[in-house]
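A.B. asks: Taking the hints into account, I'd like the entire structure generated from these sequences.
Take the sequence shown: its letters are residues 32 to 708, numbered as in this note's numbering.
If a hint is listed, it holds; no wrong ones were tucked in.
No more than 20 Å apart at the CA atoms, straight line, and that leaves these computed lysine-lysine pairs for PhoX-like:
{"id": "1", "residue 1": "612", "residue 2": "629"}
{"id": "2", "residue 1": "36", "residue 2": "67"}
{"id": "3", "residue 1": "270", "residue 2": "67"}
The calculated label-pair distances, taken between Cβ atoms and stated as ranges, are:
{"id": "4", "residue 1": "530", "residue 2": "273", "range": "38 to 46 Å"}
{"id": "5", "residue 1": "583", "residue 2": "294", "range": "31 to 39 Å"}
{"id": "6", "residue 1": "273", "residue 2": "297", "range": "37 to 45 Å"}
{"id": "7", "residue 1": "91", "residue 2": "312", "range": "32 to 40 Å"}
{"id": "8", "residue 1": "313", "residue 2": "351", "range": "42 to 50 Å"}
{"id": "9", "residue 1": "468", "residue 2": "91", "range": "53 to 61 Å"}
{"id": "10", "residue 1": "314", "residue 2": "677", "range": "43 to 51 Å"}
{"id": "11", "residue 1": "495", "residue 2": "658", "range": "47 to 55 Å"}
{"id": "12", "residue 1": "484", "residue 2": "229", "range": "19 to 27 Å"}
{"id": "13", "residue 1": "333", "residue 2": "302", "range": "26 to 34 Å"}
{"id": "14", "residue 1": "333", "residue 2": "388", "range": "29 to 37 Å"}
{"id": "15", "residue 1": "67", "residue 2": "392", "range": "58 to 66 Å"}
The hints are simulated quantities; they were obtained by calculation from the structure and are not laboratory data. As the structure is a computational prediction, the values presented were derived from the model and not from experiment. Every residue gets a Cβ at the ideal spot worked out from N, C-alpha and C, and that includes glycine.
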Amino acid sequence: MRPLKLFPVWREAWCSAADIPRLLQGAEELLARRSKGNQRFPIVPDTAVERNSIVADAMGRWLQGEPPPPSVRPAGEVAKALYDQAWAVLRPAAWPRWLLLEHAFEDASETGDLHFAALILRTMCEELERLRLLDLDQFQFVEMATSENPDERRSFLEVLACARACLKPLEIDFLDPPKSERGADEPHRDGELEKARSSLNDYIHPNYGSHVAALYPERDTAGRILLNAAVVAYREFFKLSWSEEPLRGASRPVPVQHLSWSRAAREVVSQSLPAAREIMPALAIPQVLDWLTKPSDPAIDFLASPAAAPLVDLLPEALKSWDVAAGPQGQPVAPAALLYLASARRSEALFTEEFPNGAPPVKEIDRWLSFLSRSVELLTLLNAVKEETFKRQLIRQLAQANPLAIDICVRSLIEHRATVTILPGRLARKWVEAARRFQPGAGLPPAIKQMDDAIAKLLAGQRNSAETLMPFAIREDGTPIPPSFSLSSLIGEAFEKGSLHAQAYAFSSATIHARATRGVELLIDRAGKSARRSRLSGLNILDWVCDQRQRKEYLFPALQIVFIAQHAARHIGGGAGQDLKKARQAMGHYEGNLKPGKDYTGDGTRASSIVFREHLLYYVALKRFLDQMNIEPDRLQIASNDRGRWCEIYMGQGREWWFEVSDTLGLLGGSDDTKRI
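C.D. replies: Rendered as structure tokens:
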């Protein structure tokens with residue numbers, strides 16, 4: 032472990048808060064102290080680990096209320112024998128996971144990746160809870176085993192359950208992840224370590240805290256929580272009796288090295304892919320290879336152009352000075368992530384400008400529809416920021432062969448993709464129902480309220496957030512935001528049970544919570560089996576995330592909601608809002624055929640292009656018209672008609688069909704300065 036200057040990208044901005052310099056100093060002093068300690072994996076004889084099944088079986092019987100009968104051996108002697116055999120493995124097995132997490136934390140700090148840092152620190156806190164529980168000597172273990180004191184007996188059983196969970200053989204493979212045994216082997220949580228762990232919860236899933244940290248990483252709240260968690264974690268680490276003792280016996284280097292982005296990208300192709308193919312020879316990652324081997328990133332060219340200046344001005348100061356000519360190599364944030372970040376910050380600024388006091392009540396339907404449009408846009412951009420950042424971090428961890436860090440990236444990518452996969456579908460179904468039942472001047476359809484709850488849960492759902500509530504996380508009338516979605520239900524809805532994504536999520540979760548890729552496995556895994564398994568999972572998920580076809584499956588429905596809700600907001604409050612048919616058409620619901628003169632004008636020729644009425648959303652009305660006329664367009668052209676207006680020209684039924692679009696290409700159904708009818 033190298034002495035660290037923590038979070039170099041954000042530290043200057045964070046230090047504007049009076050308490051941050053002290054936290055930085057405290058954390059860096061602890062890390063400097065840690066850098067002088069053990070940095071190697073211990074080596075233990077394979078025979079010591081092979082006896083684990085016998086030891087775990089004896090522990091299991093004791094836990095089930097079957098302690099050794101006195102006629103066989105006294106309980107104290109059995110406890111002493113169990114300790115000698117178990118702790119001969121448990122003590123050295125404490126190092127591998129911890130060292131891998133430390134390497135990942137260095138990467139998170141160096142790259143300024145706050146989400147990844149929160150995930151690593153929270154996993155460290157969980158790891159410390161186990162290590163702390165198992166940090167006892169033989170005398171203490173035997174004394175608890177033979178005690179008649181109920182509290183000491185409970186403590187003994189808790190230690191025994193944790194030790195057994197760390198040692199018992201795992202008969203699993205990639206498609207059969209271990210099941211959780213929470214309650215049986217999870218340590219009791221309390222004190223400063225638990226407070227630090229809990230403070231990170233709002234940043235590790237698609238919650239409000241992670242949204243704010245993604246939008247405004249230069250703000251000090253997340254920095255304070257991360258630095259405090261690091262201080263607490265390392266203070267607890269140094270309380271472990273063995274934390275600064277030199278290793279006894281043989282050891283080997285940590286099988287992870289720190290790589291630059293450019294080298295990591297090469298290593299994924301030359302090392303990670305061949306390693307994963309040892310498990311799955313037919314593995315193909317065309318989308319990843321296409322992404323990594325592109326001669327240039329279009330985002331770099333755009334960010335360097337004068338047109339991008341207003342967006343670049345919205346970036347944090349620490350990211351404005353990046354060297355465009357150098358490309359993505361060595362940069363703390365990927366160019367695509369920079370572009371998404373600037374766009375997301377602009378989206379949030381427009382949201383706050385329109386709704387400074389929070390979300391409007393659903394009864395103000397025109398304002399609420401605009402709120403819905405802004406919310407889906409912001410969520411989609413926020414997901415893009417996080418996804419681009421985690422793709423880049425996953426490349427680094429794949430190249431460095433850090434199985435824990437790979438699985439942490441995999442799980443986060445799956446969670447965030449599940450969120451944006453499910454939301455548009457839910458909203459689209461509810462939108463169709465609401466449009467069909469909408470009655471101007473009457474009570475709102477229940478689907479409107481259900482949409483409001485769904486968007487609030489994903490945009491503002493919290494886990495005891497310390498972040499100041501921004502307008503997108505509150506409501507004007509003060510009604511509470513519902514709790515965030517259950518992640519397990521989201522994953523279950525997004526991916527079929529037994530699918531690659533569901534299995535990868537289950538296994539990565541098991542790894543994070545030490546139900547797989549445990550210290551015992553890593554201790555004897557000198558051939559890198561765990562890393563190969565994680566690389567296979569990571570490459571499969573990365574290729575899926577990089578697949579633009581998969582992205583379109585959720586992005587197009589999301590954009591449709593953005594545009595149709597904004598269009599409806601503009602028209603529901605106007606004349607269309609008082610007319611049942613027009614109001615429903617403004618929301619995209621049509622009953623019967625579109626009628627010439629009433630819903631559109633023109634006959635579809637160049638001289639008389641079809642022009643849809645203003646309250647009709649252009650592409651929704653276009654699809655409806657093509658369907659009712661049984662036109663199967665076989666190609667599309669764009670040209671100007673005799674009036675000089677841009678038109679889309681479709682071929683069907685042996686003729687051309689000209690449709691006039693607005694200056695916004697019909698995405699918002701026209702504009703106030705270009706009334707079409």
